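**Q** The primary structure of each chain is shown beneath.
Number of protein chains: 2
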Amino acid sequence: MITLKGAVVSAKIKEEVTELLRELAGTIPRLAIVRVGERPDDMAYERGALKKMENFGLQAESFSYPADISDEDFQAEFKKINENPGIDGILLLRPLPKQIHERDIERMILPEKDLDGISPENIARVFAGESEGFAPCTAEAVIEVLKANDISLTGKRVAVVGRSMVVGRPLSMLLLKENATVTICHTRTKEIEKTCQNAEILIAAAGQAKMIDPSYVGADAVVIDVGINVDNDGNLCGDVDFESLNGVASMATPVPGGVGAVTTAVLAKHLVMAARKRRGSRA
Amino acid sequence: MITLKGAVVSAKIKEEVTELLRELAGTIPRLAIVRVGERPDDMAYERGALKKMENFGLQAESFSYPADISDEDFQAEFKKINENPGIDGILLLRPLPKQIHERDIERMILPEKDLDGISPENIARVFAGESEGFAPCTAEAVIEVLKANDISLTGKRVAVVGRSMVVGRPLSMLLLKENATVTICHTRTKEIEKTCQNAEILIAAAGQAKMIDPSYVGADAVVIDVGINVDNDGNLCGDVDFESLNGVASMATPVPGGVGAVTTAVLAKHLVMAARKRRGSRA
Numbered sequence: 016m017i018t019l020k021g022a023v024v025s026a027k028i029k030e031e032v033t034e035l036l037r038e039l040a041g042t043i044p045r046l047a048i049v050r051v052g053e054r055p056d057d058m059a060y061e062r063g064a065l066k067k068m069e070n071f072g073l074q075a076e077s078f079s080y081p082a083d084i085s086d087e088d089f090q091a092e093f094k095k096i097n098e099n100p101g102i103d104g105i106l107l108l109r110p111l112p113k114q115i116h117e118r119d120i121e122r123m124i125l126p127e128k129d130l131d132g133i134s135p136e137n138i139a140r141v142f143a144g145e146s147e148g149f150a151p152c153t154a155e156a157v158i159e160v161l162k163a164n165d166i167s168l169t170g171k172r173v174a175v176v177g178r179s180m181v182v183g184r185p186l187s188m189l190l191l192k193e194n195a196t197v198t199i200c201h202t203r204t205k206e207i208e209k210t211c212q213n214a215e216i217l218i219a220a221a222g223q224a225k226m227i228d229p230s231y232v233g234a235d236a237v238v239i240d241v242g243i244n245v246d247n248d249g250n251l252c253g254d255v256d257f258e259s260l261n262g263v264a265s266m267a268t269p270v271p272g273g274v275g276a277v278t279t280a281v282l283a284k285h286l287v288m289a290a291r292k293r294r295g296s297r298a
Numbered sequence: 016m017i018t019l020k021g022a023v024v025s026a027k028i029k030e031e032v033t034e035l036l037r038e039l040a041g042t043i044p045r046l047a048i049v050r051v052g053e054r055p056d057d058m059a060y061e062r063g064a065l066k067k068m069e070n071f072g073l074q075a076e077s078f079s080y081p082a083d084i085s086d087e088d089f090q091a092e093f094k095k096i097n098e099n100p101g102i103d104g105i106l107l108l109r110p111l112p113k114q115i116h117e118r119d120i121e122r123m124i125l126p127e128k129d130l131d132g133i134s135p136e137n138i139a140r141v142f143a144g145e146s147e148g149f150a151p152c153t154a155e156a157v158i159e160v161l162k163a164n165d166i167s168l169t170g171k172r173v174a175v176v177g178r179s180m181v182v183g184r185p186l187s188m189l190l191l192k193e194n195a196t197v198t199i200c201h202t203r204t205k206e207i208e209k210t211c212q213n214a215e216i217l218i219a220a221a222g223q224a225k226m227i228d229p230s231y232v233g234a235d236a237v238v239i240d241v242g243i244n245v246d247n248d249g250n251l252c253g254d255v256d257f258e259s260l261n262g263v264a265s266m267a268t269p270v271p272g273g274v275g276a277v278t279t280a281v282l283a284k285h286l287v288m289a290a291r292k293r294r295g296s297r298a
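These protein sequences, in sequence, are chains A and B. In this text, residue positions in the first sequence follow the working numbering: the first is 16, and each later residue adds one. In this text, residue positions in the second sequence follow the working numbering: the first is 16, and each later residue adds one.
Check each hint, because a few of them may be wrong.
Each pair may be met inside one copy or between any two copies, as identical chains are not told apart.
[Said to hold, decoys possible] When the alpha-carbon atoms are kept at most 25 Å apart in a straight line, the in silico DSS-like pairs for lysine-lysine are as follows:
no., residue 1, residue 2
1, K113, K192
2, K205, K113
3, K205, K20
4, K66, K209
5, K162, K205
6, K162, K95
7, K29, K192
8, K292, K29
9, K29, K95
FYI, nobody ran anything at the bench for these hints, they're computed from the structure. All of these numbers come straight from a predicted model, not from anything done at the bench.
Please put together the full structure from these sequences, using the hints given.
**A** Here you go:
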């Protein structure tokens, strides 16, 4: 079984970003990472994103607020960031605390700064299979992993396990755009192992630690693991029991070191694309 | 094989509409049908919708414009309809002639009047599986046919043939909301017959006259035909070769007399729901 490493894909995306940056003629795009509270997974993602932006030659700034900030205050702060002409793109770490109306933020964020595809405008574009607009970075990272490894999608049977708005649903639409035949599985799917076994490419985005074992995997299938979980020993693990797939799957992504590393690279690419679009004509 | 008749489903929806109307206490909701040019299929759909609204005790008015109306003039006319407080819902017949920027209209239409789900706001809601908002009427009509005939969707293997924004994509999301395991097939799907045969419920929305024959249909499957085509003899026909499924499928919808009759009933239901929401508190 070949291990599909995220770092290799990230390096390819870096080349693209560097090329795009060149056309910006000295303007360095700037990302705002917006965080409320101090959830450990938000903090970890933020650190990873800040590091990646620096590594890719981009600017990033963290805007953090106390977990008990009022809805009104947060909306006012978010509005400032949204309207700040020096900021090219925004990553909002979610979910937000309950007192904040996330829906209002989704409707407020400017689609052209909405790098993680949370606005209705971007959601509708992804759903329609358009090229314009931003898809959620994690969903797009899966496509990047497949493309960077020359795994064709046209006509392929692809099963997606999970139907979240962050991965499962938008990813299904991105796969459809690449002409895959997509089956969306979830907790209510009957005989889910059988359905997954029938797939040539299996994508696990269920949020269930090590759920995918050989009983789910067809011979020589490609398995992409989008899960980020903590196992019983407190170690980071995916939705896939990686080692168990040896001799079954043809290729698989590890966790950590797989899709996660690509997600922040996609974020960087979106940032440069946003900056080009906003400043392109003036650059 | 049992024939699933649209008229029976439409009659059930009429009961719901009548009940909802009662709560409006004398206010009769009003639909605007907006048409540009005189394409025969638009005219036929408009006639059917006007007749259905009358039959359901609702008001409807046709707003028609010459096929060569300028983008600017049409936008101005559409804006008036959109802002007219006496109009509760709008059905825009599409596609529009090329000189009109359909995208601008999709962004202009008020989501609360957008009965056929063309605005980004409604598209995003359907994609997210929310209960609020309006799905495209034809997609929702398929769900109504299944529900009215007590065909459960939870855990069922459902194949959708076609990936349009009018039927295939939104319908897939509505099916997912009902906990079906959804496979989206299309022109690039390899071995499409085999994939379709594996489905317990097969939905044809490909726009290909009589494409679906017994080679696509598993034993005792339920087949729903969303197609509206004209065959070689000039007769209306669906995507399904209906007669050929005798002895193979357990149930199927005919064309005409199937999903089409339900689509305008869903439009009527959406109209009353829109009116309730807009006027409800004042009624």
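**Q** If a hint holds in the structure, say so; if it does not, say that too.
**A** Tested hints:
1. K113 - K192: between (35 Å within a copy, 24 Å between copies)
2. K205 - K113: The answer is neither: 34 Å in one copy and 46 Å across copies each exceed 25 Å.
3. K205 - K20: neither (32 Å within a copy, 29 Å between copies)
4. K66 - K209: Neither: 41 Å inside a copy, 48 Å across copies.
5. K162 - K205: Result: close only across copies, 20 Å inter versus 31 Å intra.
6. K162 - K95: neither (37 Å within a copy, 47 Å between copies)
7. K29 - K192: within (24 Å within a copy, 38 Å between copies)
8. K292 - K29: within (19 Å within a copy, 49 Å between copies)
9. K29 - K95: neither (30 Å within a copy, 49 Å between copies)
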